[in-house]
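Peer 1: So the chains spell out like this:
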Amino acid sequence: MNSKRVKNIIEALGKHKDEESIEVLNELGTNCPIDEIREMTSKALIRKNTHRALELMIVNKGKGINDLSARVAMCAINELLALKDKQEAIKILDDTINMHSEKEVQDTARSVKALMSFSS
Amino acid sequence: MYYKELTRKARNMQKISPLRSSIEAFNKFKAARLNKADKAQKTNQQSTNPFGITFKGTVIQMDVFEKAEKINENTKNAISLKERMQNTGKLLASAWVGTINKFSSLKTNVIAFGNKIKDSTIAAAKKIRDIGNTKVEFDIFKYNVSRLQNQPVSELRTMLSNELQGVTNEQ
Numbered sequence: 001m002n003s004k005r006v007k008n009i010i011e012a013l014g015k016h017k018d019e020e021s022i023e024v025l026n027e028l029g030t031n032c033p034i035d036e037i038r039e040m041t042s043k044a045l046i047r048k049n050t051h052r053a054l055e056l057m058i059v060n061k062g063k064g065i066n067d068l069s070a071r072v073a074m075c076a077i078n079e080l081l082a083l084k085d086k087q088e089a090i091k092i093l094d095d096t097i098n099m100h101s102e103k104e105v106q107d108t109a110r111s112v113k114a115l116m117s118f119s120s
Numbered sequence: 001m002y003y004k005e006l007t008r009k010a011r012n013m014q015k016i017s018p019l020r021s022s023i024e025a026f027n028k029f030k031a032a033r034l035n036k037a038d039k040a041q042k043t044n045q046q047s048t049n050p051f052g053i054t055f056k057g058t059v060i061q062m063d064v065f066e067k068a069e070k071i072n073e074n075t076k077n078a079i080s081l082k083e084r085m086q087n088t089g090k091l092l093a094s095a096w097v098g099t100i101n102k103f104s105s106l107k108t109n110v111i112a113f114g115n116k117i118k119d120s121t122i123a124a125a126k127k128i129r130d131i132g133n134t135k136v137e138f139d140i141f142k143y144n145v146s147r148l149q150n151q152p153v154s155e156l157r158t159m160l161s162n163e164l165q166g167v168t169n170e171q
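Those protein sequence lines, which keep their order, are chains H and E. Under my numbering, the first residue of the first sequence is numbered 1, with each subsequent residue one higher. Under my numbering, the first residue of the second sequence is numbered 1, with each subsequent residue one higher.
A few chain E residues that face chain H, going by a derived Cβ cut-off under 8 Å, partial list only: (1) 143; (2) 145; (3) 148; (4) 149; (5) 153; (6) 159; (7) 160; (8) 161; (9) 163; (10) 164.
Output of the computed footprint for chain E on chain H, the stretches with three or more beta carbons under 8 Å from beta carbons of chain E: (11) 11-22; (12) 28-40.
Chain H is nowhere near these chain E residues, computed Cβ spacing over 10 Å in every case: (13) 2; (14) 106; (15) 109; (16) 130.
For the record, the hints were derived by calculation from the structure and aren't laboratory data. Backbone N, C-alpha and C define an ideal beta-carbon position, used for all residues, glycine too.
Here chain H stands alone, though its shape is the one from the complex (with noise of 0.2 Å):
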């Protein structure tokens, strides 16, 4: 593997206009089971900054912030609380709190609010 090529396709995919291309780092980065795949996926999507990119690094289980990889779960919630407008993902963690099904999930969501709110 070319990890730069990699990392060059997914900053790509990240900075893309095309909503589509959240599809594509959705499906083909946060499903690949290495790591540091799954890393750059997180950040490239968290940076995106648009509802559908957080709420998909927030609410599902196994992904972003609710990864099983430490590693790849501190990293996206480093990216959540570098990003300048938290508003966005502030609301999806509220929602995520309130009305998801998975304690596990409420949980994660609560600490990094609250992690959030104290670096505002």
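Got chain H; can you put chain E on it based on the hints?
Peer 2: For chain E alone, kept in the frame of chain H given last:
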């Protein structure tokens, strides 16, 4: 007694004869040399070669040599203008021939140099054409983020899936 005298003289004659023959040979050589010198002098009479330079016995006749005898002021004026003009013309002609030779050699060199440049240029052009025929792709430009960003998502999807397939196969 007389007989004895005769035999003694004969013995002396025998002793002398080798010396005499050698003197005769020397005289012949001397005559031949004188004859040869006369001949050379005759051929040299009209030439202006003051040093009598010879090449394999033949006197070299060079008109470019100056005259051997000193030219006095009186005799100097006596040399006709026509003769002077002739001498100058000869010198000029020889100089001109020398210059033509120089130019012709220079021309040959220039032509050779030009041909060499032409050949090397043709070879270089062939090489460039060969390089042009081979398709060279640089990853730096192909996988540049700003370039990829402008490509359609479907193409990026294919590229990413190809790269990730390679990863799965490696594992």
